[in-house]
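Using the hints, position chain B against chain A.
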Amino acid sequence: MFFRLNPEARLISGAKNGLIYDFLDNKVYELSSEEKSVLELAEKSKEIEEIPQNLVPGKSVTEVLEKFREKNLGEFYEKKPYIEPLRLKSPLSSGAFYDSPPQLTNFFVELNNSCQYNCSYCGKNRMKRIFGCIGCNVWDGQKHMEGDSYKDVLDQAYKLGFGQIFLSGGDVLKDFDTLAAVLDHCETLHFPAVFLTCHENYVDSDAVNFLNQYKWLNVFLNCNFPVSSKALKRAESVQCNITLVPVVDVTGVDKEDVMGKIQHEHEKVQSKRVNWQIDYCSADFTKDYSKIPLFGKERAGNATLQFFERCQECHPCLGGILTVSACGNVYVCRTMREKSLGNVLDTNLSEILRNKKEEIGKSWNLTRDKITPCHNCEYRYSCMDCRSVEEDVYYTNLCGYDPYAGEWT
Amino acid sequence: MEFKTLSGNEYVYLPKSGIVYPKKALKRFAEIERFSKSVGSETLNLDEIETPEVIKELILRSGLQELILEVTQKCNLRCKYCVYSESYPGVRGYNPKDMDKDTALKAIDVYFSLLKEGKAYNPYREPSIAFYGGEPLLNFELIKTCITHVMENYTDFNPYFVMTTNSTLLSEEVVAYLSQYNFEIVLSIDGPREEHDRNRVFPGGTGSFDTIMENVKFLADSGLKVYCQSVYDLKTDIDKVHEFFYQEGVPLLSGADPPSSKIPNVYYDKFSARERKIYEERLAKMLTYQIEKVKKGKERKREEKNGKGRISLYDLNLMNRIISVLNRHTGMYKDPYIPYTGSGIPGFKLFADAFGFFRICERTFGDASIIGDVESGLDYEKILGILRALRSETAVCESCVAKNMCSLCYVTFASGPAIKRDPAICEDVKMRVEGTFSHLWSIAEIDENVLLELADEYYTLFEDIGKELL
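In order, the protein sequence lines correspond to chains A and B.
The opening position of the first sequence corresponds to residue 544 in my numbering, with each subsequent residue numbered one higher.
The opening position of the second sequence corresponds to residue 2 in my numbering, with each subsequent residue numbered one higher.
Derived by calculation from the structure, the hints in this document are not laboratory data.
Every value quoted in this text rests on a predicted model; they were computed, and no experiment measured them.
No residue lacks a Cβ here, since even glycine has one placed at the ideal position from N, Cα and C.
It cannot be assumed that every hint is accurate.
Claimed, not checked - Per label pair, the in silico range of CB-to-CB distance:
1. A/K587 <-> B/K297: 17 to 23 Å
2. A/M927 <-> B/N159: 36 to 42 Å
3. B/S400 <-> A/K913: 40 to 46 Å
As the list claims (entries may be wrong) - Computed list of lysine-lysine pairs in BS3-like fashion (alpha-carbon distance at most 30 Å, straight line):
4. A/K632 <-> B/K294
5. B/K297 <-> A/K623
6. B/K120 <-> B/K383
If we strip away everything but chain A, and leave its shape as in the complex, we get (with noise of 0.2 Å):
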């Protein structure tokens, strides 16, 4: 007698524990030490009588496996089956016989160095940020571009094929000519979707209706925290799909008390028609991303089959991106800018991408299953993480959960 699961449910091992991927309900169950072992050998074809019995102290195989039977996951054979596993893509590789253009998503562009506050979660103070990407930031000592470069940059991202712009600065509302033209010509440019980050500090009531004449547009509002009864006034006056997005320094604070005023804050929020996403903060997060929900359990939320199988192929935050700088300077992620992979205003996109492929690949091409722990942690095909806050890309030190105990702090 045989047992297989089924062919929407992947079983996926950690060092200790292990998850059963359940592709049609996109959710996970959770598997002991014990039911792990049991599973992988019931996986690799193992007939149930020869699976060692002192795998499950006081339980037989059977009974064991008969759960997942009966939530439906997986069924008992008397012949040995072969059962592929579902997917979306095929498992072979697309550009095997031609040289296929590279799967480009996200595309970051500044539209400006410059801004008048200094807010102590802003790039240029070296503060780390989860979502410092769709932030507005200000870098050290940048000029910026001027406006038909920027067309131009454009013009260069939508024929390589990017599906999101995502728009930053600096104030991006500073110059309403500047960004008229540049959102004008997203829009001339059919590119799926296009993201503004704009900070509650410039959204004055000019800002508004100017955002209000580009319905079409996603606005990220960056905002202080706790959320002020001026922003979120704003928030709402603006019609366009708005995200609200305080940014909450965790440094040296209490974790209830800031998971207390969050919460506070999501409930001042829920009625208002505006979306919400915290953004955390820290000068050092090494000590602070226990407190942080995203640390923890939160991180491993995405259980469809279309983020399993990008997991498998790239970083999620990091595949297929790429970020143009106020200056014109390119890098992979927009917060992960040590190094420039050359600049737009003397060398084009596309020659960019084709003389820097294996420096790009590196990021393009990362795994979890290249990051150590992650490659031993049950969770790395649903994990959203940041690579940026990391001292190191390829070692996770933030995160809640550690593999080998099976336990989350």
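Same frame as chain A, but now just chain B:
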């Protein structure tokens, strides 16, 4: 679609989601339906495309993978299954036409002009130029002229050169020249002498086997990548062909196809019922071989290692079946322009015929396959028209069991005056789907990793010659 394996296990293939379930495990109908909807693709309404520029951009991004120049339509052989022979009355017939220099250079210039423009869309693509015929070496001077033109005028590219030849005109001098440009050579050899010479003959009827095997020796130490394509028909002793391509000194077999049955022909009329029956028995023997090979397990892997990746007809057949099943596209990864069949966007590769017309590929003949010419370049309006016609012809595919894995291409659809689907060929495809699933699942029940392993082996062996396999 239900199918059974040799072990007696029963399975169900669900074409909509692409999932194969053991029949016993198929219970979550509502969830499967919801999943299929959630990952479903949006098929583009081609009638809403206002400008053919959209098509141009598609080609600049993913097309232009190869320029194939028909440097001559002349051939010094008279292969009995050739589509230009009397076996295919609807096709043009033998032609003494050579491509002229002006046409060839213009075709090259069009190709490189598009590649230059296309760099903004696909920074990784490199040019590939294939010389094709007829027998291309009958116009060797033109090949040399083309190469000189490319090397002198397009220095910022790294071109890849390919030639498909019947090998009768290969010489030491020719091979020395081709070696300078690191050519890939695709030879036509059908198998051992008795098989090869049954069809591949000189005009007088003499077989070409001895000539080509003598000439192949020139290639042995050339360092060039050399592959074989073979043709088998209902009389072929495929067992002998399989043994032949296992031999040392015979170039690696990269493709084996029957003579085209997708174009109206009289070639297949000559085979008797007995010959057809013997052929079916040989095919059954091939399937048994494939199963036995997988049963060998570790021993097989050891043999493959020792054999330096040597594969032959039966192995190739299995690999091709595996790839057709593993590559089935469902949901969001379907091509929104061509949701069904194995056809791609015309312009994926460019075939410039001897008269200067660009066609969809080297195997399409009818007016329906013309997509431009060397004077005015690609006709994107025409390509859009082809896509619309194909969409209309394949509307019925939605309910076909083979809709995610059909390999029918323009050879079937574009070999006449208009884009046309042949329902009889579709029936043949449908029938084969069940057999393929049953065979592959029988094999995978023996070794569940073997499908992916053999597919990987295929891609490793042929990574250099991919474009010819498309």
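Status of the hints after comparison with the structure:
Distance hint check for A/K587 and B/K297: the Cβ-Cβ separation is about 19 Å, which falls inside the suggested range of 17 to 23 Å. The supplied range of 36 to 42 Å is met by A/M927 and B/N159, whose beta-carbon atoms lie about 40 Å from each other. Between B/S400 and A/K913 the Cβ separation comes to about 44 Å, which falls inside the hinted range of 40 to 46 Å. Only pairs whose Cα atoms come within 30 Å are accepted, and A/K632 paired with B/K294 is accepted, the gap being roughly 28 Å.
A C-alpha spacing of about 17 Å is found between B/K297 and A/K623, which places the hinted pair at or below 30 Å, so the restraint holds. Restraint check for B/K120 and B/K383: the C-alpha separation of about 24 Å stays at or below 30 Å, so the hint holds.
Of the numbered hints listed earlier, not one is contradicted by the structure.
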